[in-house]
Amino acid sequence: MLLTLLAVVTLAIIGQRNLFGVVILSGVYSFLMASVLIVLDAVDVAMTEASVGAGISTIVLLATLHLTRTIEVRPWRRSWAPLVLALVTGLAIAWGSLALPPFGTPDAVIHRHVVPRYLADTVKDTHVPNVVTSVLADYRGYDTLGETTVIFTAGIGVMLLLRGARRRDGGGGDDGAGPRA
Amino acid sequence: MRTSLILRIGTKLVLPFILLFALYVQFHGEYGPGGGFQAGVITAGMVILVGITFGLGAAKRIAPPGLVRAMVPLGVLIYAGTGVLGLLLGKNFLDYSVLSASDPAHGRGLGIFMVESGVLVTVSGTMTALFYAFVERGR
Numbered sequence: 001m002l003l004t005l006l007a008v009v010t011l012a013i014i015g016q017r018n019l020f021g022v023v024i025l026s027g028v029y030s031f032l033m034a035s036v037l038i039v040l041d042a043v044d045v046a047m048t049e050a051s052v053g054a055g056i057s058t059i060v061l062l063a064t065l066h067l068t069r070t071i072e073v074r075p076w077r078r079s080w081a082p083l084v085l086a087l088v089t090g091l092a093i094a095w096g097s098l099a100l101p102p103f104g105t106p107d108a109v110i111h112r113h114v115v116p117r118y119l120a121d122t123v124k125d126t127h128v129p130n131v132v133t134s135v136l137a138d139y140r141g142y143d144t145l146g147e148t149t150v151i152f153t154a155g156i157g158v159m160l161l162l163r164g165a166r167r168r169d170g171g172g173g174d175d176g177a178g179p180r181a
Numbered sequence: 182m183r184t185s186l187i188l189r190i191g192t193k194l195v196l197p198f199i200l201l202f203a204l205y206v207q208f209h210g211e212y213g214p215g216g217g218f219q220a221g222v223i224t225a226g227m228v229i230l231v232g233i234t235f236g237l238g239a240a241k242r243i244a245p246p247g248l249v250r251a252m253v254p255l256g257v258l259i260y261a262g263t264g265v266l267g268l269l270l271g272k273n274f275l276d277y278s279v280l281s282a283s284d285p286a287h288g289r290g291l292g293i294f295m296v297e298s299g300v301l302v303t304v305s306g307t308m309t310a311l312f313y314a315f316v317e318r319g320r
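Residue numbers (the working numbering), protein chains in the order written: chain A, 1 to 181; chain B, 182 to 320.
In short, the hints are calculated from the structure, not lab data. Among the clues, some could well be false.
Footprint (simulated), chain B over chain A, 3 or more residues, beta carbon under 8 Å [to be verified]:
1) 56-62
2) 131-137
Reference excerpt, derived from the structure (chain B facing chain A, CB under 7 Å, subset only) [said to hold, decoys possible]:
3) Gly210
4) Tyr212
5) Gln219
6) Val253
7) Val257
8) Leu275
9) Val279
10) Ala286
11) Arg289
12) Gly290
13) Glu297
14) Thr307
15) Ala310
Note that this is a predicted model, so its numbers are computed, not measured. For every residue, glycine included, the Cβ atom is placed at its ideal position computed from N, Cα and C.
Please build the complete structure, drawing on both the sequences and the hints.
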């Protein structure tokens with residue numbers, strides 16, 4: 001049901017020429033995605049998707065629309081290359097997913113490496129019952145430090161771009177990419 | 182630009198609850214879903230809501246641009262500083278067990294708390310600074 005709604009929203013985004021509508025629909029998409037993640041019991045990720053994907057991204061994209069025009073320009077030349085590329089990539093991913101173990105298999109490779117130790121020892125090691133938090137900030141602290149640095153770098157980069165463009169008053173558009181972890 | 186009365190009163194009503202929820206997500210992240218990243222985004226969302234409803238000036242009174250800009254690198258410094266603290270106290274980088282002399286597990290819990298605070302500071306600072314940058318560019 002949720003996945004059907006996701007597909008409908010995606011088709012609506014593709015058909016939409018008004019960028020304002022596209023931004024709102026992407027917010028709807030993110031909320032549906034967050035619901036899917038809750039169904040999959042990934043509450044932490046769902047929370048991030050709802051707050052970043054539906055919240056901050058929508059705001060940043062709307063702010064970008066404030067700087068640009070809201071109607072998508074018709075391409076001057078029709079090209080089939082993007083469609084072919086998307087289809088090939090999609091088929092490759094679908095083909096690759098066939099080799100994955102079924103969803104929720106307890107003895108899948110990824111669940112046998114370090115996960116049992118993390119699950120068993122988190123309270124003894126760190127007094128933190130939420131394994132997601134202890135893996136994120138302790139066992140895999142390096143990764144999270146890297147992520148924080150990525151957000152820092154992306155933020156600084158966007159700020160410098162916007163400020164530099166204002167000083168020169170040049171026509172260089174920005175991609176409006178907000179940081180997403 | 183003056184937004185409608187309902188919007189302004191509604192915003193004022195929900196603001197404390199948004200901030201409270203952000204703090205809950207931050208400090209309850211060790212027991213339930215959430216953590217520094219989510220709490221940072223929610224905090225920034227509160228400032229952005231004020232900015233949209235009451236204008237940029239009101240948002241800047243709550244979160245001064247200088248402070249916001251300083252928060253962006255400060256959080257990374259808190260995070261990396263916690264790691265270096267482990268290094269100085271004779272263990273590996275980002276090994277928090279040295280933070281408590283008696284109970285290593287307690288030290289690691291404390292380290293997680295400090296690191297999450299660093300994430301909160303950087304994420305909320307970056308998101309708010311981005312919002313300011315975009316809005317000021319549009320003027």
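Results of checking the hints against the structure:
1. Only residues whose C-beta sits within less than 8 Å of a C-beta in chain B count toward coverage, and the region 56-62 of chain A has 3 of them, enough to reach three; the restraint holds.
2. Chain B is given as covering the region 131-137 of chain A, and this holds because 5 residues of the stretch bring a CB closer than 8 Å to a CB of that chain, at least three being needed.
3. Contact between Gly210 of chain B and chain A, as hinted, is supported at the beta carbon level, the nearest pair being about 5 Å apart and thus within 7 Å.
4. Restraint check, Tyr212 of chain B versus chain A: the minimum CB separation of about 6 Å is within 7 Å; hint holds.
5. Against a cut-off of 7 Å between C-beta atoms, the interface hint on Gln219 of chain B holds, since the closest Cβ of chain A lies about 5 Å away.
6. The beta carbon of Val253 of chain B is positioned within 7 Å of a beta carbon in chain A (closest approach about 5 Å), and the interface hint is therefore held.
7. Annotation: Val257 of chain B was flagged as interfacial toward chain A, and the flag holds, the nearest CB pair being 5 Å apart, inside 7 Å.
8. Given hint, Leu275 of chain B at the interface with chain A, holds; its Cβ is 4 Å from that chain's nearest Cβ, closer than 7 Å.
9. Violation of the interface hint for Val279 of chain B is found here, the shortest Cβ-Cβ separation to chain A being roughly 13 Å, above the 7 Å cut-off.
10. Because the beta carbon of Ala286 of chain B sits about 5 Å from the nearest beta carbon in chain A, less than 7 Å, this interface hint is met.
11. Evaluation of the Arg289 of chain B hint against chain A yields a held restraint, the C-beta minimum of about 4 Å falling below 7 Å.
12. Because the closest C-beta pair between Gly290 of chain B and chain A is about 4 Å apart, less than 7 Å, the hint holds.
13. For Glu297 of chain B, the suggested interface contact is upheld, since its CB lies about 6 Å from the closest CB of chain A, less than 7 Å.
14. A least Cβ separation of about 3 Å between Thr307 of chain B and chain A falls short of the 7 Å threshold, and the interface hint therefore holds.
15. For the restraint placing Ala310 of chain B at the interface with chain A, the shortest Cβ-Cβ distance is roughly 6 Å, inside the 7 Å limit, so the hint holds.
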